[in-house]
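Single-letter residue listing:
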Amino acid sequence: MANQQPTSGNPRVDIAYRKKKNAEEMRHQVITFALMIFLTLVAFAAVGYADFSGWFVVPFILLLAIVQVIFQLYYFMHMSHKGHENPQLFLFTGVLVGAVTILAFMTVIWW
Amino acid sequence: MHAEEKFTHETWPASPERATLEAKNKFLGFWLFLGGETVLFASLFATYLALKDKVPNAEQALAKDLFELPLVFIMTMLLLTSSLTSVYAMYHMKNFHFKKMQLWLGITVLLGLAFLGFEIYEFNHYVHEFHHTFSSSAFGSAFYTLVGFHGAHVALGLLWITTLMVRNARRGLSLYNAPKFYVASLYWHFIDVVWVFIFTVVYLMGMVG
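Line order of the protein sequences matches chains A and B.
If you count the first sequence from 1, position 75 lands on 87 in this note's numbering, and the numbers rise without skipping.
If you count the second sequence from 1, position 178 lands on 221 in this note's numbering, and the numbers rise without skipping.
Worth flagging that the hints you see were computed from the coordinates, not collected in a lab.
Some clues are possibly wrong.
To be verified - Residues on chain A that point at chain B, a partial pick, calculated with CB under 10 Å:
| id | residue |
| --- | --- |
| 1 | Lys-31 |
| 2 | Phe-45 |
| 3 | Gln-84 |
| 4 | Ile-121 |
Unchecked claim - Below, simulated EDC-like cross-link-like pairs (lysine to aspartate or glutamate); rule was C-alpha separation at most 16 Å, straight line:
| id | chain 1 | residue 1 | chain 2 | residue 2 |
| --- | --- | --- | --- | --- |
| 5 | A | Lys-32 | B | Glu-53 |
| 6 | A | Lys-94 | A | Glu-37 |
| 7 | B | Lys-97 | B | Asp-108 |
| 8 | B | Lys-95 | B | Asp-108 |
| 9 | B | Lys-223 | B | Glu-65 |
| 10 | A | Lys-31 | B | Glu-53 |
| 11 | B | Lys-107 | B | Glu-172 |
| 12 | B | Lys-107 | B | Glu-165 |
| 13 | B | Lys-67 | A | Glu-97 |
Note that the Cβ used here is the ideal one computed from N, Cα and C, for glycine as well.
Please model the entire structure based on the sequences and the hints provided.
Written out as structure tokens, the structure reads:
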């Protein structure tokens with residue numbers, strides 16, 4: 013699976029194809045980066061410049077953070093690629109346990 | 044395919060980070076570790092949210108008195124950009140360009156160092172200007188534990204990437220060290236994932252009140 017050696021019998025053709033594929037992926041990564049910068053700017057502007065109420069702005073910036081993290085995980089960390097079933101299982105199990113912990117600390121514990 | 048094999052541009056595999064059994068094990072084991080790290084940071088976030096602005100008296104500074112958005116914004120941009128530069132490093136790794144990979148990793152390390160410098164300045168500022176220390180309040184303890192743990196991860200990541208660069212400087216790329224570089228870059232991205240939640244939950248939500 014991981015050992016994808018040249019298959020066309022002409023290594024140079026495969027190299028050219030793979031280089032092109034890598035360059036194309038890199039272009040997508042740069043677009044992802046631009047989107048992440050944009051989300052960050054929106055989040056800072058929503059808090060720093062706009063005069064929104066806390067009830068709106070808190071869920072809004074949390075949503076922006078979640079979208080940005082999805083970009084980071086699926087593009088920068090390649091979770092959208094094949095062969096990432098186990099990473100998804102591990103990570104989402106961690107997210108589930110973490111979410112329950114946060115929920116418990118914010119609701120069950122008070123002073 | 045053996046780890047010691049010498050490669051050229053033609054023979055370098057498409058997914059060097061998972062081409063050998065050892066590499067596959069590293070990949071799997073590292074993602075399991077990241078799952079555990081998620082739980083670790085989630086519990087630190089939970090503690091912070093429960094103890095935010097819990098101070099013993101009215102003289103103690105609260106989140107909205109402490110934080111300054113321009114500084115946090117600069118730190119965010121530095122770490123986010125360093126995430127992209129490590130993507131560039133892995134792009135060159137996949138194309139078997141060792142020198143270019145080293146260069147982009149070097150840029151990543153410099154950006155990480157700048158981030159760490161700002162964080163040290165920030166903590167120093169809070170301690171000396173606001174007397175906001177680790178033991179001044181429950182809020183202080185929760186804040187320094189969460190943000191400090193992230194800072195420690197940045198420091199470890201810098202040490203890790205630098206060690207890899209120095210150790211392999213004369214070796215060039217092989218299937219022995221390519222997975223090591225890949226896993227270190229995953230760690231670096233994860234540090235940025237955690238920072239996205241820190242700047243949102245700690246700093247931005249701290250300014251909202």
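Which hints from the list above does the structure break, by number from lowest to highest? none
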